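S.K.: Residue strings, one per chain:
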Amino acid sequence: MTLGPVTSSTDLTTPAEEEASTVTDGKKIEGRSLGRIAWTRLKRDKVALTGGGIIIFLILVAIFAPVLNKLFGHPVNEFHQDKIDPNLGGIPPIGTWGGISTDFLLGVQPVTGRDLFSQIIYGAQTSLLIALLATLLAVMIGIVVGITAGFFGGWIDSLFSRFMDLILAFPLILFAIALISVLPPTYWYRVTVIVLIIGGFSWPYIGRIVRGQTLSLREREFVEAARSIGAGNFRIIFRELLPNLAAPILVYSTLIIPTNILFEAALSFLGVGVPSPTPSWGRLLSDAVNYYEYDPMYMVVPGTAIFITVLAFNLFGDGLRDALDPKSNR
Amino acid sequence: MASSTQTERTATRPATDNLLEVSGLEKHFPITRGAFVRRKVGAVHAVDGVDFSIRAGETLGVVGESGCGKSTTGRLVTRLLEPTGGKITFEGRDITHLSTGAMRDLRRDVQMIFQDPYSSLNPRHTVGTIVGAPLRVQKIPTPQGIKRAVQDLLELVGLNPEHYNRYPHEFSGGQRQRIGIARALALRPKLIVCDEPVSALDVSIQAQVVNLLDDLQRELNLTYMFIAHDLSVVKHISDRVAVMYLGKIVEIADRDALYATPFHPYTLALLSAVPVPDPARRDRAQRERVLLTGDVPSPIDPPSGCRFRTRCWKAQDKCAQEVPPLRELASGHRVACHFPVEEAERTPQGRMAAQQAAAEIPPDNTAEPAL
Chain L
-14 MTLGPVTSST DLTTPAEEEA STVTDGKKIE GRSLGRIAWT RLKRDKVALT GGGIIIFLIL
46 VAIFAPVLNK LFGHPVNEFH QDKIDPNLGG IPPIGTWGGI STDFLLGVQP VTGRDLFSQI
106 IYGAQTSLLI ALLATLLAVM IGIVVGITAG FFGGWIDSLF SRFMDLILAF PLILFAIALI
166 SVLPPTYWYR VTVIVLIIGG FSWPYIGRIV RGQTLSLRER EFVEAARSIG AGNFRIIFRE
226 LLPNLAAPIL VYSTLIIPTN ILFEAALSFL GVGVPSPTPS WGRLLSDAVN YYEYDPMYMV
286 VPGTAIFITV LAFNLFGDGL RDALDPKSNR
Chain U
17 MASSTQTERT ATRPATDNLL EVSGLEKHFP ITRGAFVRRK VGAVHAVDGV DFSIRAGETL
77 GVVGESGCGK STTGRLVTRL LEPTGGKITF EGRDITHLST GAMRDLRRDV QMIFQDPYSS
137 LNPRHTVGTI VGAPLRVQKI PTPQGIKRAV QDLLELVGLN PEHYNRYPHE FSGGQRQRIG
197 IARALALRPK LIVCDEPVSA LDVSIQAQVV NLLDDLQREL NLTYMFIAHD LSVVKHISDR
257 VAVMYLGKIV EIADRDALYA TPFHPYTLAL LSAVPVPDPA RRDRAQRERV LLTGDVPSPI
317 DPPSGCRFRT RCWKAQDKCA QEVPPLRELA SGHRVACHFP VEEAERTPQG RMAAQQAAAE
377 IPPDNTAEPA L
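Chains as they are written, first to last, in the numbering used here: chain L, -14 to 315; chain U, 17 to 387.
Read the hints as simulated data drawn from the structure, not as lab findings.
Just so you know, these numbers come straight off a predicted model, no measurement behind them.
Please note that a few of the clues may not be correct.
Okay, the calculated bits of chain U under chain L, using three or more residues with CB under 8 angstroms as the criterion [claimed, not checked]: (1) 141 to 152; (2) 262 to 271.
Beyond 12 angstroms from chain L on every Cβ pair, some chain U residues (computed) [unchecked claim]: (3) Pro159; (4) Gly161; (5) Asp211; (6) Arg303; (7) Gly310; (8) Pro318; (9) Arg343.
A virtual CB, placed ideally from N, CA and C, is assigned to each residue, including glycine.
Sequences are here, hints too, so could you generate the full structure?
M.R.: What follows is the structure, encoded as structure tokens:
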């Protein structure tokens, strides 16, 4: 029934399916990779592109903070007492909106009169540096543990999965406060410890995703096909599995960056972030709590900075997920 | 190319004519329970003592319902799965428990074509990478470069060699299956295990792919183990056919002998279930169809004696007590049944009687052996 004897073997050279791949006149046939398709899809997503644009803008601001500060701001720790209104107890800045003027683009700090613009752009440096380093660490640990657990399965999987559960159940904030407060408050020391803590506790999110994806990819026939041509585990993991894991890893890294930014801000807010002279958005916020009755703008400015950054990463991450569509990766 | 391989083949072929010999092959998948300490609570007897051999240059069709262990058998032969018991001999060499390293060389001779053309090609690789992978992994010397070699292979399976840089998702199911075939051919294997290579394809494309496999077999002197559940596809391509039921081979014979004179009741029922496209003959075929009641028993706890007895209309006490051995009833025609189908039962009247008897078996006797 499915095979008639009338089917001649000569139709093999010109299968009916051929029209699916018509040759465009003379042009070299180039395949469209899934990455290229995702990029065309992403280009149509205006919201994600806006998010991506803001992220690039923020990264440029952080990198060129010294230049920008020279052009538009004042040295970070320069006091401008003349900008503070002496009639109101020497607390709020002179003028409306927290002293915003052409000279001080985002106003000044109450009491000291320090330039908020310089605080914000150097704060971006701190935030992004810590968040990106922590994410990098988390992704690396997550990939290694996730693939190992998912690919080898059995007791290795049980062990690693329970370990991930353990870390996710850890009272992280308390641990961070306790650990950091007993360590010396020098800049690089603190940055390293904060990165290790944030990265060391957020990798299970990546690890779980990678493990789950590996578990499902491992059962796909192309893995068996690779084995049947004599490929070893090393080649299967790096050549067959990792390219398929790239999309979900990329998406979930973009989505844990904002969490890590918030976590850094929270630590600084609690007084266990980067040490004092280095500007940090979280510490600005915690400082602003003392003055919000006199100068609400002091709280609004760093709050907005955190809000925009986190929103931009989230929007971009969501757009990236839609574009790459890790759920239906055929 | 083809002729040089041929001379090489005849030179290396051992005294016996069989390319592949399998005896008592078993695969039991353990069922475990417990979160930390896993203990074995049972086993799925996926393949439970299978004997067959494949001669060089022939096609052995393997048919059976879903879950009868035919795919598992294919994966055991290609050593993608580790056999629990039995022996696999390829070209006179025992390959049952070869190490991964030693297997690498064997991979050149034994290749596999997979069922699902959508899942068997890595979506992140181009066709060139996929078809060239065997050459790279096995470090096969390609005098004119890997690209040239891959394009030759694409041409061999009827694909446009210009599509070298395309990705699998840009192809239709039939074209993808051709890519899979090209990959299997890259190492110039002697034996190809085809695991339901056309089941996932449109009927119109199935014929093209089967004919391609047929042509390639003639051209490259290939030996196929062709696993399928579609009896007409198997009839078209096979030289010999093995029928599997619940992890065992119940009947194995030359194609024509098996289709004309089935000896095992299961084979008779299976053959009578083949749909007939001709409406004039269809009604009669449907009337004479031997319909089996009930389900295939669980492979975790297969029935004692003959595994088919719970659904067999000829079953007697002996069937529950003794496992029927695979006996040769006619030349080259081996059957595992105590009470093989007789000539009278192959006539329309006989089939009607069998049909009635089969329908009367209560479906719930699959659970408890009737002794």
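S.K.: So, for every hint listed, does it hold in this structure?
M.R.: Verification of the hints:
Here the stretch 141 to 152 of chain U counts 5 residues with a CB under 8 angstroms from a CB of chain L, which clears the bar of 3, and the coverage holds. Judged by the Cβ-Cβ criterion of 8 angstroms, the stretch 262 to 271 of chain U is not covered by chain L as claimed, because only 0 of its residues qualify and three are needed. With 12 angstroms as the threshold on Cβ separation, the claim that Pro159 of chain U sits away from chain L holds: the shortest Cβ distance comes to roughly 20 angstroms. Every C-beta of chain L lies more than 12 angstroms from that of Gly161 of chain U, the closest at about 17 angstroms, which supports listing it as non-interface.
For Asp211 of chain U, the requirement that its beta carbon stay farther than 12 angstroms from each beta carbon of chain L is not met, with the minimum near 9 angstroms. The claim that Arg303 of chain U is not at the interface with chain L holds, since no C-beta of that chain comes within 12 angstroms of its own (minimum 18 angstroms). Residue placement check: Gly310 of chain U keeps its beta carbon more than 12 angstroms from all beta carbons of chain L (closest about 26 angstroms). Every CB of chain L lies more than 12 angstroms from the CB of Pro318 of chain U, the least distance being 25 angstroms, so the non-interface label holds.
Distance check for Arg343 of chain U against chain L: the nearest CB is about 32 angstroms away, which clears 12 angstroms, and the non-interface claim stands.
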